[in-house]
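Given the sequences, and given the hints that come with them, work out the whole structure.
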Amino acid sequence: MPAFYTVTGADFAAILPETILALLGLLLILLDAFARPLRSTFPYVALVGVAIANVMGHYTTGAYFAGAIEVSDLTKFVEFLTLAGVSLAILGGETLLARDNKNQGEFYAFLLWAAAGVILMVKGGDFLVIFLGLEIMSISLYVLAAWYRELPASVEAGMKYFLVGAFASAILLFGVATLYGRLGTTSLSKIAGHVQANPAIGFDPLLAFGLVMIVAALGFKIALVPFHGWAPDVYQGMTTPAVAFLSTAPKAGAVVVLIHILAVTLPGALGVPWQPLLAILAGITILFGNVVALAQRDLKRMLAYSGIAQMGYVAIGISTFTQEAFEGVLVFLAGYLVTNIAAFLAIGALSNGEKESHPLSDLAGLGRSQPMAGGILALSMLSLAGMPPTIGFIGKFLVFRAAVDSGFVMLALVGVAGSIISVGFYLRVVYMLFMKDATREVNVAPDDIPSGAAYLLAAAGMLALGLFPSALIDFARSAASSISLL
Amino acid sequence: MSFFKSLLSLDYFGADVLTTLTFLPTLGAVILLFVSEEAKKTIRVVGLATSGAVLALSAVMAVKFDATLPGISNFLVDRPWLPRFGLRYLLGIDGLALALILLTTLLSFCVLVYSCGQSIAKFRGYVMAFLVLETGMLGSLVALDTLLFYVFWEVMLVPMYFIIGIWGGQRRIYATMKFFLFTFIGSLLMFVAILYTANLNTKTTGIQTFSIVEWTRNSASGAWGLTPGVEALLFGAFALAFLVKVPLWPLHTWLPDAHVEAPTGGSIILAGVLLKLGTYGLMRFGMPLFPNAVAQFTPFIAVLCLIGIVYGAWVAAVQKDMKKLVAYSSVSHLALVVLGLFAANTTAVAGAVVQMIGHGLTTGLLFLLVGVLYDRRHTREMADYGGIAGVVPITTTLFVISMLGSVGLPGLNGFVGEFLILAGVFKVDVLWCAIASTGMVLGAIYLLTLTQKVFWGPMKVKANQGLTDINGWEFAGALPLIVLVVVLGVYPAPLIKLVTPSIDAMLQIVSR
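Chains as they are written, first to last, in my numbering: chain A, 1 to 486; chain B, 1001 to 1512.
One should not assume that every hint holds.
To be verified - In the DSS-like style, the derived pairs of lysine-lysine whose C-alpha atoms are separated by at most 27 Å in a straight line are: (1) Lys436/A - Lys1324/B; (2) Lys436/A - Lys1122/B; (3) Lys1178/B - Lys436/A.
To be verified - What follows is a set of in silico ranges between Cβ atoms, one per label pair, in the way DEER data are often shown: (4) Trp1456/B - Asn443/A: 54 to 64 Å; (5) Lys1041/B - Gln323/A: 55 to 65 Å; (6) Gly424/A - Ser1073/B: 36 to 46 Å; (7) Thr61/A - Thr1204/B: 31 to 41 Å; (8) Gly424/A - Phe1034/B: 30 to 40 Å; (9) Asn443/A - Lys1041/B: 31 to 41 Å; (10) Leu456/A - Val1490/B: 51 to 61 Å; (11) Lys1203/B - Gly424/A: 33 to 43 Å; (12) Lys190/A - Thr1204/B: 36 to 46 Å.
It should be emphasised that the hints constitute simulated quantities derived from the structure, not laboratory data. A virtual CB, placed ideally from N, CA and C, is assigned to each residue, including glycine.
Right under this line is the structure:
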C-alpha cells in the first residue's frame, strides 16, 4: 500500500461538474465587473455552463481521490436534480431580479457555487469532503439570503440563516470528531468496514452520540422538526428565486447524504432506537408543518411550513429504510424540486416585487388576469397536495407504498392525515387566485420569454412526469440501488 | 361503405376506443385553451362538438357492445404503465359500466346544451371544467386497474371544486371546501387501503397487480387469507370513500351545501353522475373485494340506509328552498339504492342499478328545471313562486313529468327501480321494506307539495307574470332526458338485460 495517493486526471474528471460550476461563477463575477452592459446575457451564459456541467457529469463512476469522492448513480441523480433546479431558478429568476436591478453576475455566481456545494456534498466519501461541500453550499446561500442588503428583512434572513447554519456546522463537526475519536477515520468506506467487521459497534454509545449529532446537523439543513425554526424567517426575507433553490436542491442533497451515512453506519436495518426515532420525527414534522402552515398569511412563510411538512414525507421514506423507500424518496424529491421551484417563481411574479412582502391576499383575482403564472401556481399547489395526475402524487404513492409494504401502515396514515390538513392551505391559494376578486392593485412581473420557458418546463415536469413517470422512476431506482444496504 | 365500417371498427389512429372516449373531452378542453375568452360562439361550438362526439362514440360503443363476453372484458385495453409496481393501463367495461357511461355522456352533453341557453360569466373556463370533469368520470368508469381508478376518481374532484367555487352562489367557498374535504378524506383512506391490498395480494399470490379483476378472483378464492378484523378495516376504508360520495346518512352533510351553492350544471352532474359513482364503486370495488365484511356490515349499513331514507325525506319535506329540497330527496333516494345493493339479491340489485340511472335522469331534470326558474327570477324560495303554470306551460309540463318520475309513478322510470328494490328488500327483511316504503310515501308528499306550491295556486308575486318560458337551448338540454324517463319507464327491459350479467357476477361473490 503506497503511503501517498497519486492524484490522476481521472480524479479531476470525477469532479468536473463542480469545477465547471465554480469557474463559471468566477467568470460571471469578472464579466459583471468588466462587461456590465452584457448583464442581460448572464443567465444564458450560466445556463450554457450548467448544461455543459450536466453532460460532463455522466462519464465517470467509482471512487476517486482515495475514496474521498464517490461517484455513483445516486450522486448523478442528485447532480441532475441540482442542475435542473439551478437552471429553473436562473431562468425564472432573471425577470424577478431585473425588476429591482438586482441581477448582478454575483447572484448567478453564488447560485452556481451553492449548486457545486450540493453536488460535492453528495459525492463525499469522506466526512471532511461532505463538510466541505456543505460549507460551500451554505456560505453561498448565506450571501444569497442577504441579497437585498438594504432591506432589514433580507439582512435578518441572512444573519439568522448564518447563525443557525454555523451552529449546525459546528454540531456536524462535533459529531464527525466523535466518530473519529471512536473509529480513527473519517472515511465512510472505512467506517463501513469497521461496522461490518463488528456489527455491534452500531450500538456503541460514543458512535451513537456522534451519529445523533450528524443527523441533527443535517436535520437543520433539511428543516426537520425540531430543527426547523430558521426556515420561515429565512424564506420570508430571502429573495424569491434564491428561496426557490434553497428550499429544494440543498434539502435533496442533505437527505441523500443522511441516507448515505445511515446506510453506512447502520447497514441492513435502522434498528430499535433509530427507526422509531425517525418515524416519530417524520410524524411530528408532517403534522406540525401542515398545521402551522394553515395559520400563515404570508405566502413564503406558508411555503416554508409546507416545505417542512414535505420533508416529513421524506422522513417516512428514510425511516422505512428499504431500497424501495429510497427510490420513492428520490422520486418524491424530484417532484418536490420542480413543484416548489415553480411555486416560488410564480409567487415572485405575482407580487409587487422582491422588496415587498408576499401576502396571500395579494393573489386575489390574479388567476384570471395572469393565467400563465396563476395556472402554474395553482398546478403546483395541487402537486404539493399530492393530487393525481401530478408528480406530487407519484412521489407520495411510492413513499406510502414502501411504508405500507414494510408494515408501517400507521406512518402512511399519519402522512394521509397530513395531506388532508394540507389541502386547507394549498387550496386557499387556488381559491385566492380564481375565486376571489382583486382587493388591491398588484404590480405583477411581465410574462417574458425566459420566465415563460421556466413555467413551461415546470408544468411539463409536474404533469408529464405525473402521467408518465417510468423514466424518472427507473433513474431513481438505479440511483437507489447504489445505496448498499447489505 | 368502407368508411362506415372503419367508423364502426372503433380503432382510430391506432388509439383504442376507451382511451379515445375518456380523453376526447380533455382534448376539447385543451383546444379551448387557445380560444379567446370573448369568442362565445367558438367556445360553444367546441364544447358541444366535443361532448357531442363523446356521446356519439358512447352510442356506437353501445351498438358494438358484446354482451356475450364474460366478465369485464369489452373493449379491453391492457398496456404497461408502471410495470415494476404491477400498475397497468387496464381499461374495460361491462354492462353496468356501459349503462353509466351512457348516462354520463348524455348528461354531460345535455348540461352543455342547457348552459348555452344561459348567460354564464367566464364561459370558457366553465366549459373546460365540465369537459375535464367528464374525463374524470368516464375514466373512473372504464379503469380496471385500482390505482388508475383512484387517479381518475381524484381527478374528478378538482374541476368540481372549481365549478362550485367559481360559478356557485353566495356561500360557494364554504360549500366547495366542504365538498372537497369530505371526498378527499374518504378517498385518501381508500388510497392507503389500496396500497395495503396490493401488498397483501403480492405477498399471498406472488403476482404484483392492481387489476380489480385479479383482485376479485383472488379474494373470492380465499387466497388472501384475510382475518375478519383486517377485512373489516379494509372494507371500511373503501366503503367510507364511496359512501361519502353517495352520500349516506350521516356522511351526507356536504351534499345540501354543495347542491344549493353549485351552478345548475354542477348540480345536474353532481346528482346525476357523481353520486352514482359512489354506488358504482361499491359494486365494482368495495363489495366484491371484501364479501365477508359486507355480510358482517350489512345490518349496520342497512340501518344507516333506513335512517337516510326517512331522514332525507323528512328534511326535504320542510325545505323552503327548491334546490335544497331536491338535494335532500337525493339523500333519501340514494339511501334506497344502497339498501338495494346490500340486500344482495338479483331483484334488489337490479332495482338499485335501474334506480341509479333513473335518479340520474329525473334528478338531473329537476335541477335543470329549477335552474331555468332561478335563471329568470334569481330566487329558489318556493314562496316566491306560485301559480306560474299558466305563464310557463312548457316548463310546468316538463317539471311535472320529471317530478312524477322521481316520485315513482308507474309508467315512468322511477317506479321500476323503486319497485324492484322494495320487492328485493322484502325478501330479506319485511321490516326494512316497510320502513323504506314510508320514505316513498313521504317522497310523493314533498315532491307533490313542491309542484303544487310553485306551479299552481294563486299568483302572489307580480314579478312572475312576466316570466318567460324555457328557451330553445334549455329545452334541447331537457328533452332527451324526458324522453328517456318515459321510455325507460315503459320498457326498462333492455337496461335490465344489459346490467344483469354484471349483477350476477357480483352476487356470485356477495351472496347471502
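Self-check item: Hints violated by the structure (numbers, ascending)
Solution: none
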